[in-house]
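This is what each chain is made of:
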Amino acid sequence: MVTAMTKLVKVIIDDREYDFPAGMNLVDAAKQVDVTIPVFCYHPKMKPVGMCRMCLVEVGNIQKDRATGEVLLDDSGNPQIRWMPKLQTACTMNVSDGLVLRSTSKAVDEARRNVVEFLLTSHPLDCPICDKGGECPLQNQTMEYGPGESRMNFEDKKHLDKHVPLGDLIFLDEERCIQCGRCVRFQAEVAGDDVLAFHERGRDLQIITVSDPGFDTYFSGNTTDICPVGALTTTDFRFGARPWEMNSVPTLCNHCPVGCNTSASTRLDRDFGGKTMIKRIMARQNEQVNEIWMCDKGRFGHHFTRSEDRLLQPMVRAAGGSLSRETWADAVAAAAKLLGDANGSVAVIAGPSATNEDLFTLKQLAAGVGSTRLGAWPPTHAGADLVAKVGVGKGTNLSNLGKGDAVLVIATDLEEEAPIWRLRVKTAHDRGAYVVVANARKTRMDDFADAVTMYQTGHAATAFADLRKQHPEVAERLINANNLVVFAGAEGLTLDGSRALMQACANFLIETNHVGRANNGLVGVFPGANAMGQHYLGFSPEATRDIIANPPKVLILAQADVVADDPAAAAWLSKVETVISLSLFDDEATRQAKVVLPVQSFAERDGSYTNGERRVQRFYTAQGPIGEAIPAWQAVARIAEKLGQGKARLSAAQVMNDIVAAIPAFAGCKYSDLAKVEAQFPQVGGDDLYYGGTSYKNTGGLGVQIASAADNGEAVALGDVKADAVKGDLIVVPTVRLYNRERVFQASEAQLMAARVAAPYVEINAEDAARLAIHDGDMVQVSAGAAQPVKVRAHVNGAAPKGTVLLPRNLQQTATALTIAAGTVTKV
Amino acid sequence: MGIISSKIGDLGVVTTTLDTAVNWARTGAMWPLLFGLACCAIEMMSTQASDYDLSRFGMELNRASPRQADLIIVAGRVTRKMAPVIRTLYDQMAAPRYVLAMGDCASCGGIYNNYAVVQGVDEIVPVDVYVAGCPPRPEQLIHGIMTLHERVRSERLKTWVSAEGVR
Amino acid sequence: MNILRGFATTFKHLLEEPITVQYPEQMRPFRERYKGRHHLRRYENGLEKCIGCALCAAACPADAIWVEAAENTDEQRFSPGERYAKTYEINMLRCIFCGYCEDACPTQAIQLGHEHQLSFTDRQDAIFTKDMLIDPTAIGVAGTPQQVEPGVYTRSIPDMENPR
Chain A
1 MVTAMTKLVK VIIDDREYDF PAGMNLVDAA KQVDVTIPVF CYHPKMKPVG
51 MCRMCLVEVG NIQKDRATGE VLLDDSGNPQ IRWMPKLQTA CTMNVSDGLV
101 LRSTSKAVDE ARRNVVEFLL TSHPLDCPIC DKGGECPLQN QTMEYGPGES
151 RMNFEDKKHL DKHVPLGDLI FLDEERCIQC GRCVRFQAEV AGDDVLAFHE
201 RGRDLQIITV SDPGFDTYFS GNTTDICPVG ALTTTDFRFG ARPWEMNSVP
251 TLCNHCPVGC NTSASTRLDR DFGGKTMIKR IMARQNEQVN EIWMCDKGRF
301 GHHFTRSEDR LLQPMVRAAG GSLSRETWAD AVAAAAKLLG DANGSVAVIA
351 GPSATNEDLF TLKQLAAGVG STRLGAWPPT HAGADLVAKV GVGKGTNLSN
401 LGKGDAVLVI ATDLEEEAPI WRLRVKTAHD RGAYVVVANA RKTRMDDFAD
451 AVTMYQTGHA ATAFADLRKQ HPEVAERLIN ANNLVVFAGA EGLTLDGSRA
501 LMQACANFLI ETNHVGRANN GLVGVFPGAN AMGQHYLGFS PEATRDIIAN
551 PPKVLILAQA DVVADDPAAA AWLSKVETVI SLSLFDDEAT RQAKVVLPVQ
601 SFAERDGSYT NGERRVQRFY TAQGPIGEAI PAWQAVARIA EKLGQGKARL
651 SAAQVMNDIV AAIPAFAGCK YSDLAKVEAQ FPQVGGDDLY YGGTSYKNTG
701 GLGVQIASAA DNGEAVALGD VKADAVKGDL IVVPTVRLYN RERVFQASEA
751 QLMAARVAAP YVEINAEDAA RLAIHDGDMV QVSAGAAQPV KVRAHVNGAA
801 PKGTVLLPRN LQQTATALTI AAGTVTKV
Chain B
1 MGIISSKIGD LGVVTTTLDT AVNWARTGAM WPLLFGLACC AIEMMSTQAS
51 DYDLSRFGME LNRASPRQAD LIIVAGRVTR KMAPVIRTLY DQMAAPRYVL
101 AMGDCASCGG IYNNYAVVQG VDEIVPVDVY VAGCPPRPEQ LIHGIMTLHE
151 RVRSERLKTW VSAEGVR
Chain C
1 MNILRGFATT FKHLLEEPIT VQYPEQMRPF RERYKGRHHL RRYENGLEKC
51 IGCALCAAAC PADAIWVEAA ENTDEQRFSP GERYAKTYEI NMLRCIFCGY
101 CEDACPTQAI QLGHEHQLSF TDRQDAIFTK DMLIDPTAIG VAGTPQQVEP
151 GVYTRSIPDM ENPR
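Protein chains in written order, with our numbering: chain A, 1 to 828; chain B, 1 to 167; chain C, 1 to 164.
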C-alpha cells in the first residue's frame, strides 16, 4: 500500500521516467503506467514464481559514480546504462532507484514469440469449443506476441485426458493446462486449502487434487477465473454460452454478510422460456469487500432463483380454506383489508434476504397501521446496534491488516458462515497480523490462528471478559495491537448470550481504544446478506422474540422461512390469526397464510443490501421475471397505497431516496452514490485479461460505508455484560454449514451442489458417545429443548467438546434446534 | 358474414365454382404497385424484364396508382419515415389487396437492426408472403408470387368478408 | 434507308428464340458458388460435424443464427469431441446469405447449398431448426445420438493441421 511514508524511486520504463513506491513489483508498476508486460504465471494477488518466462524484459541500471553517487554520463550527455547481459523476468523483480526497463525490443519480442511457441507445442486447437475462448489470456497473447506458425511437428502433440473431474464442481482439461500453477498457488497461498498439487515433472506435469473428496475447498471457483487458459472449467457453466454472447450485470451475493460483489453473465435461454437467464456468476472487484474472490456458494448458488418451487401468482385463501389464484389488485386489496381491520395488532418478521428497500416499505406500512413491532429473522444474533456504535471504522479494508495488527474471531465458524472473511483473515495472518480464535470447539479458522482459546460451551461472554486473567499474553497482544478487528458470532449462544458477548466485545474495544478508526472495531457475523440493514431500518431479533411470545392478529412474513428454521414455528404461528406471506417459495409458512404475495429474488430486481461491515451496496436486474412476482417493496407499497398511506414509488431508487431522507445513517447512500466507482489496485478490471485472468471489472459501484457512531465522534459507553448459560448434561449447539438445504441455496436435490451438501448428522464427543454407547455412524435421535426430536447420523470425530453435541442447522427439511438448548441423544 | 352465408346457404357446387372462377381471375391479373424501396427493387425490375417476364403471370402492368393495384411488393428496408407512406398506399388500395414482403429487410429488418428501420413491414401492414434473400433472386420473387397465388387460390367465398370488413 | 435498317433489326429479333426463362417449369442453372439455404453436414459415420461452437452465430452480421451447446458423452454422442449443438436454428428471413458462417465454421459443418425457394406465409415458418437443416444419414448409417466406443472421438476438430 502506498502511504505518505513510502519511499518513491525513479524508474525509467520505455524511455519515460516514473516514480514508484519502493518494493513494488515490476509487472504491477508497468501495468500502472499502461505498459504491458505479458504474463501467464504471475498474478498480482500472489507471490511471483517466474515459471512461465513470458514476462522477459530488458533491464538495466543507470550507472553512478561509486564515490560521489553522481550519475555517469556517456559521450552524448545521456546517463550511462548498464544492461543486464540476459533478459530478466519482470515478475520476480521489484522497482529500485535507477532501474531502466525496456518492454519491447527485438530480443524481448523474440523471447515472447518463443515462449508462446513452446507453450503451444501440445496445446490443443480447442478454441472453438473452449469455454475460455474469447476471454482467454493465452489466445490473446498468442495473437499479440505469438508466431504465425509453429515449427513443431503436429504429429508429436501430446494427447492427454480432456475431462478430468477435480471435484464435483471443477473439471480439468490436461491438454489445455500450461502449468502456470496459478490454481495450485491460489489454493495454498490465498485460500489456505492446500488441495491441489503438481504431479510428475517436465512434459508429464499435471495438476492433481490431493484431497478426498476431490478439490475440497469452498473457493474452487476462483481458480477458473485466474486460470489463464481454459484448463479449469466449472460444471455449472461448461459449454453454457460463449463469452461474447453474454451481458455482464453487476449484482451482489445474497448468501452471507460479506456481501461479495459479483457479476452475473446473462444470456437469453431456451431453458428459461427464452428470457434472460443467469448463466454464471463471477466475482467483481471490490478491494474493500471481497477483493476479487468469492466462494462457491455464491458462484454456484444462483439456481434457486429459477427453482420450480418459486411462487408464480398471488393467492388468497378463500372462505373454504384453500388458496386460490388472484390478480395482484385483488390480493393487495385482501391484504390491505386484513391489515386495516387488525386494529394495530400487526407485526412484521423479515428474513435476511429482504433488501433495505423492502424493509423500509415494510416499516412504513407497519407504522401506517399503528405498529412498531418489526422482527428480524432468524432471531439468533443480537447486538447489531452495538455494531452500529463501535463497528469497524469507515474505510476499513481487511487487506490493510498486517504486522502489528490483530484480529479476534469469537463464537463463530468463519469458514462456514462467511468464507470470504475467513479467506481475508487468513491472508491478514500471512501478512503478520496476530489472529486469535476463541470458540467452544475446534473450527477451521484454528489453522490460521496464532492463538486458540477454548471456553466452555455457552460461556463466550464471560470467557471473553476474563480473557485478561486467563490468557494475559493473548490479551496483551490484542490490547497493544495497532489495529484490532473483532469478528463476533453467536454460535452456541442464546439471544441474550449473544448480546452479552457483543457487549463484552464492544467494551473491550472501547476500553482499549480500538474504535472510531479505520481497520478497528467490531464486525458481527450475522446470518444472511442484510442483517445490518435490518438493524438500521428498525428490525431486531428481540422484537421477533416478543412477536413469538405475544402473537399479533396479523403477521407479515417477508422472505422469512420460519418453519424450516425454527422447530417451534408451527406452534407459535398457529396462534397468529392471519399470516400475510411475501415469499419466493411455496414454503410451509406460505401454505398457512391467508394472503400469499410472490416476490422477486435478487436476480430479477434492483435493490441494495447493507453488509456486515455496514457497506450499503446495490445490485441490478440480471434475470428475466418469473411468473407475476414483483419486488417485495412494490408489493408492500401497493398495500400501503390501498390503505391510503400515499402513492407507491415507481422505482427502487426512489425508495432509497426516501430512506436517505428518513434515516440519518443512510445519508449519502442514494443509488447514484452507491454506483460510484474509482480506480482500484491491482487494476484487473480491463479487457487486458493477461493480468488478472478474467475481467473483474466493477461497473456497478463500490458502495458506501455507513459511519459508526464512534466514527462520528459520538461517545460510546460501556455496557453491562449479562451472561446467561444453559445447563444440562448434554447441550445441543446448532451450527451453520455453508452448503445446506435452505431454500435460498438449494431448492431441489437434483441440483449441482447436492453432492456437496452433507447428509444430516450430529457430532458427539468420544466420551459422551462411549457413555451413551453410540458409535461413529450410528443413527441417533437428538432432542433439544421443546423441539421435535430428529433422527440423524452420529459422527464421533473429535469435533465436539465434552458435554456438547453439534447439530448443524438446515441440513434437512424438518427444522432442528434454532438456539442452544439442553437435550438428549439416544441411539435408535 | 352472417348475412352472406345465410343467403348463400348450401349452394356448395355453385360457390366452389364461383370460388375457382374468382380466384382464377385474381391470380391471373394481379397488378403490382409500381413501388420499390431499395436494392430489392433492382431484382424486382429484373423479374419484370424479359429474362423472367412477370407478364407471363398477368402482372405486366405496374400501376403507379394504388387504386388500380392488387399487390404491393415491399422491396427493400422500410424506414420509419417511409412507414406512414406505405400504410397510406396500402389503405388506398382496393380490396382484395395483397402484400408481399420481399427480402430480409422488409420481412424483419434484416441486418438493419436499428432505430431508423421498421423491423418488418408487418408492423404496419398485414403481410401475406415473406420472401427470404438479400436480395432475393428473380426466381425467389417468382416463387414468392407463386406462394401468394397458392394462398389466393385457397381462399373461399366465406373468407372474403371477415370481421374486420371486406378484404 | 435508315428506317429499313431499323426494321431489319426488329425482324431479325422476331425470328430469334425468346430468351425468357419459364421459371417454375424451367430452371436456369445456378453458379457453383451460389449461396442458398444452409445445410448442416455429417461425417460418413453419421456423427454431426457441428460442434456447437457458435462461431457462425458470432460471425453472422444479421444475428440470424442461434446456437445452444451441450456436452457429449460416449453413450449419447452427437458429434466428435466434448461439445455439440443442442439447439441450432437459422432464421431464413434474417439471413442475408453472405456465407460468413461457412467461413467461420472450424469443421465445415455449415454449408450453403443451392436451394432458394424460401417463401413463407408465416414468420415462424422461416426459422429452420436443426432437424430441418441437418443432412439425412446415408442408407445403413446410424443417426445421432450414437453409442460409441469410449475414447475414440475425443477431438472436436479431427484433422489437426498446422494452421498455415
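Please keep in mind that the hints were generated in silico from the structure rather than gathered at the bench. Computed from a predicted structure; not experimentally measured. Mixed in with the good hints there might be a few duds.
Below 20 Å or equal to it, Euclidean Cα-Cα: the simulated SDA-like pairs (lysine to any residue) are [as the list claims (entries may be wrong)]: (1) K86(C) - R468(A); (2) K157(A) - T104(A); (3) K162(A) - K12(C); (4) K86(C) - P760(A); (5) K162(A) - D63(C); (6) K157(A) - T87(C); (7) K279(A) - K86(C); (8) K130(C) - G240(A); (9) K158(A) - Y153(C); (10) K130(C) - T235(A); (11) K275(A) - I127(C); (12) K157(A) - R155(C); (13) K35(C) - C39(B); (14) K86(C) - T121(A); (15) K130(C) - L120(A); (16) K158(A) - R155(C); (17) K722(A) - D446(A); (18) K157(A) - I157(C); (19) K86(C) - G240(A); (20) K275(A) - P18(C); (21) K275(A) - I157(C); (22) K86(C) - R238(A); (23) K162(A) - T87(C); (24) K12(C) - E123(B); (25) K279(A) - W66(C); (26) K275(A) - K12(C); (27) K86(C) - T104(A); (28) K158(A) - I157(C); (29) K275(A) - E149(C); (30) K275(A) - T73(C); (31) K86(C) - D269(A); (32) K162(A) - I157(C); (33) K158(A) - G151(C); (34) K86(C) - L120(A); (35) K279(A) - E149(C); (36) K162(A) - T73(C).
Q: Return the numbers of the hints above that this structure violates; sort them in rising order.
A: Hints 1, 2, 3, 4, 5, 6, 10, 14, 15, 17, 20, 21, 23, 24, 26, 27, 29, 30, 34, 35 not satisfied by this model.
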